[in-house]
Amino acid sequence: MAKVIIYPTNSLILSDMVERFGHEPLAMMEKIREKITTVGVDSPPLNITPEGPKHGLKYAAVEVPAGVRGRMSIIGPLIDIAEAAIIVGDASISFGCMGCARTNELTKFLIREKDIPVLEIQYPHTEEEGKAFVYNIAEFLKALPTGGDDE
Amino acid sequence: MSEKDQVLIALVSCGSEYAGVQKELESAASTLNAKLVYPEMDVASLDTIGMEFGLEVASPDLKLMMARAKAVVEGVAKVDGVFVTSCFRCAEAAIVRNEIRRYIFQNSGLPVISYSFTERTTAATLLTRLEALTTIARRKHLLAREHQVGITAGIDSGSTTTKAVVMKDDEIIGEGWVPTIKVLESADTALQQALDQAGLKREDLQAIGTTGYGRFLIGEHFNADLVQEEITVNSKGAVYLAGKQQGSATVIDIGGMDNKAISVQDGIPGMFTMGGICAGASGRFLEMTSKRLGVEITELGDLAVRGMEKNVEMNSYCIVFGIQSLVNSLAKGSIPEDVAAAACHSVVEQIFEQQLQEVEVKEPLILVGGSSLIAGVPKALGDLLKVDVLVPPHSQLIGAVGAALLSSGFVKG
Numbered sequence: 000m001a002k003v004i005i006y007p008t009n010s011l012i013l014s015d016m017v018e019r020f021g022h023e024p025l026a027m028m029e030k031i032r033e034k035i036t037t038v039g040v041d042s043p044p045l046n047i048t049p050e051g052p053k054h055g056l057k058y059a060a061v062e063v064p065a066g067v068r069g070r071m072s073i074i075g076p077l078i079d080i081a082e083a084a085i086i087v088g089d090a091s092i093s094f095g096c097m098g099c100a101r102t103n104e105l106t107k108f109l110i111r112e113k114d115i116p117v118l119e120i121q122y123p124h125t126e127e128e129g130k131a132f133v134y135n136i137a138e139f140l141k142a143l144p145t146g147g148d149d150e
Numbered sequence: 000m001s002e003k004d005q006v007l008i009a010l011v012s013c014g015s016e017y018a019g020v021q022k023e024l025e026s027a028a029s030t031l032n033a034k035l036v037y038p039e040m041d042v043a044s045l046d047t048i049g050m051e052f053g054l055e056v057a058s059p060d061l062k063l064m065m066a067r068a069k070a071v072v073e074g075v076a077k078v079d080g081v082f083v084t085s086c087f088r089c090a091e092a093a094i095v096r097n098e099i100r101r102y103i104f105q106n107s108g109l110p111v112i113s114y115s116f117t118e119r120t121t122a123a124t125l126l127t128r129l130e131a132l133t134t135i136a137r138r139k140h141l142l143a144r145e146h147q148v149g150i151t152a153g154i155d156s157g158s159t160t161t162k163a164v165v166m167k168d169d170e171i172i173g174e175g176w177v178p179t180i181k182v183l184e185s186a187d188t189a190l191q192q193a194l195d196q197a198g199l200k201r202e203d204l205q206a207i208g209t210t211g212y213g214r215f216l217i218g219e220h221f222n223a224d225l226v227q228e229e230i231t232v233n234s235k236g237a238v239y240l241a242g243k244q245q246g247s248a249t250v251i252d253i254g255g256m257d258n259k260a261i262s263v264q265d266g267i268p269g270m271f272t273m274g275g276i277c278a279g280a281s282g283r284f285l286e287m288t289s290k291r292l293g294v295e296i297t298e299l300g301d302l303a304v305r306g307m308e309k310n311v312e313m314n315s316y317c318i319v320f321g322i323q324s325l326v327n328s329l330a331k332g333s334i335p336e337d338v339a340a341a342a343c344h345s346v347v348e349q350i351f352e353q354q355l356q357e358v359e360v361k362e363p364l365i366l367v368g369g370s371s372l373i374a375g376v377p378k379a380l381g382d383l384l385k386v387d388v389l390v391p392p393h394s395q396l397i398g399a400v401g402a403a404l405l406s407s408g409f410v411k412g
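Residue numbers (numbering that gives the first Met the number 0), protein chains in the order written: chain A, 0 to 150; chain B, 0 to 412.
Among the clues, some could well be false.
[Claimed, not checked] Which chain B residues face chain A? A few, computed with CB under 8 Å, are given here:
#1 A18
#2 S44
#3 G53
#4 A57
#5 R88
#6 E118
Hint data in this document are derived by calculation from the structure and do not stem from the laboratory. For each residue, glycine too, the CB sits at the ideal point set by N, CA and C.
Using the sequences provided together with the hints, build the complete structure.
As C-alpha cells, this is what we get:
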C-alpha cells in the first residue's frame, strides 16, 4: 500500500479511487477531521489557530500571505509523507476545489520536487476523455507497490 | 433597528479561517453584538462569476468572494454591513478586495469596509473597524444629526493628545488640549480646561461623548452618554466644522498613531481605510522630524512651506527608514526647510499610496487632526492630489467636536 497524495487534495472522487485500488489517500478531509475531533483546539470553523501559519513556515517563507502558510500547515505534512501523487489539472469546482491559487501553485511544485511517482492528468470534458481519465489513474495506481504496508 | 438588535455582517473573505484569525474576527464581532454571516450563493455561479464580474482570477476562493458580494448586492443575503477581508501581501486578493468593496458600496448602500489580515491580527485591531461598521448600520439616525443642541462635551482620548470641547447651541465655548500621559488624568485636565474657558461646571453638562483610543476607559469614568470609535465621530465632526454636511466629501485624518481616509456621503461614512498594518508616516513621524531639526512641532509647517521636498532624497515613508533618509540628507548638507518639506511630503505620500488608492476621493477634501495645522501637510497633499484641501477651523479638535455634536442626541427635553 502506498500513501498517495491527491490534487485537488479535497477531491472525494480521487480519494475514493485511491482507496479502491488498495492505497492510502492523503487528503485534506482527513486532516480537517483530525482537527475538529481533537479536544482542546477551539478555533472555528477549521481549527487553524495562529499556530498554523507558523507551522506553515516550513513550506513557505514569512513574506508569503498568512492564508497560504495556514493552508500549507495542513497540506505540507501530507506532501512530506507522500509516496506517490496524482495531480489533476484544471479540475472543475465540483471535482474538488482548492481555493487559493497561490497555495495550489506551491502544493504542485512541492509534489513535483519530491522523488516519487507522479501522475499528472488533465480533467476530462467528454465521455471519451472521462473513460481515459479513469483508466490512466487505475493503471497508475495498479503499478504502485502494494503490500509494503508500513503502518 | 433598536440598539440592542444584533447587527448582521456579511464576511466576504477568501479564507480568513486558514490564516488562524477566525477566532479574532468572531471575538471582535461578538463584543459589538454583531454576527458574522456567510452569504449563500449558487455553486454553479462560480463558473461564470469571473466573466460576469469582469475580473477573471485564478483562485476559486476569490471567485467565491465575488459570488458572495453579488448575493449581498442582490439581497439574497440580508445583512446590515459587509466586511471584506483577505490576506495581507496577496496581490491577486488585493485587486479583488478593492473591486468588491467598490461594487458593494456603489450598488447596495450598505456600509462596507475592507481589511488585509496577517496571522497576528487581533480582535483589538479589528474592533475599531467593525465598531464603525456596526455603528453606521445601527445608528444612522444619530449620524444624521446636523446641529448640536443644549450644553454638551466631547472628549477625544487620542494616542498622543487628549482633546476636549464644551459646546452650546452649535458653538464651541470652551476647549482643552493636553498631551495624553495617564489617560484618565489627561482627560480630566482637558475637560476642566474646556469647562473653565466656558465658565461652566461639570454638572452643567447635559451629555458627554467620548472617542479615541481611550474612549472606553474615559467613557466609563465620565459615565458618558456616547462612547464611539473615531471613524464615525471624526467624519461627522469634519463635515460639521467644514459646513459640508450634505453631499459627498472625503475626510483625511492624520493622527498620532494612524491615519484615516473616509469617504463620506451626507455626513455618513461609506468606505474607509484606517492606517493598515503600519502607522509609520503619521503625526509621530512629524514629531520625530521636528525633534531632529530642533524646532517645535508648531514651527515645522512654516519651515516646510519654504522648502522644496525634491531637494531631499527620500525613498521610504517608513518611520525608521524615512528618518534615516532625513538624517542622511542633513549630513550631506540639506537645509532644514527642504528636510521639513520632505517629511510633510512623505506623510501625504503614504496616505496617497496606502489609503487613498482604496477610497474614492471626492471633493471637498477635508483634512483634520493635529497634523493638519502643520502648514506643509495640506500644501503637500494639495500638490500631490491637485485639489484644494480644506482645513476647517478647530480641525485639531475634530473628534471632540464630533463627540459633542453626536452626544447632543442624548440631551433630554
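Hint check:
Annotation: A18 of chain B was flagged as interfacial toward chain A, and the flag holds, the nearest CB pair being 4 Å apart, inside 8 Å. A cut of 8 Å between beta carbons decides the hint on S44 of chain B: the least distance to chain A is about 10 Å, and the hint is violated. Nearest Cβ of chain A to the Cβ of G53 of chain B: about 18 Å, over the 8 Å cut. The hint is violated. With a cut of 8 Å, the hint placing A57 of chain B at the interface with chain A holds, because the nearest CB-to-CB distance is about 4 Å.
With a least beta-carbon distance of about 5 Å to chain A, the hint placing R88 of chain B at the interface is held under the 8 Å criterion. At a threshold of 8 Å, the smallest CB-CB gap from E118 of chain B to chain A is about 4 Å, leaving the interface hint in force.
Hints 2 and 3, counting from the list given before, are not met by this structure.
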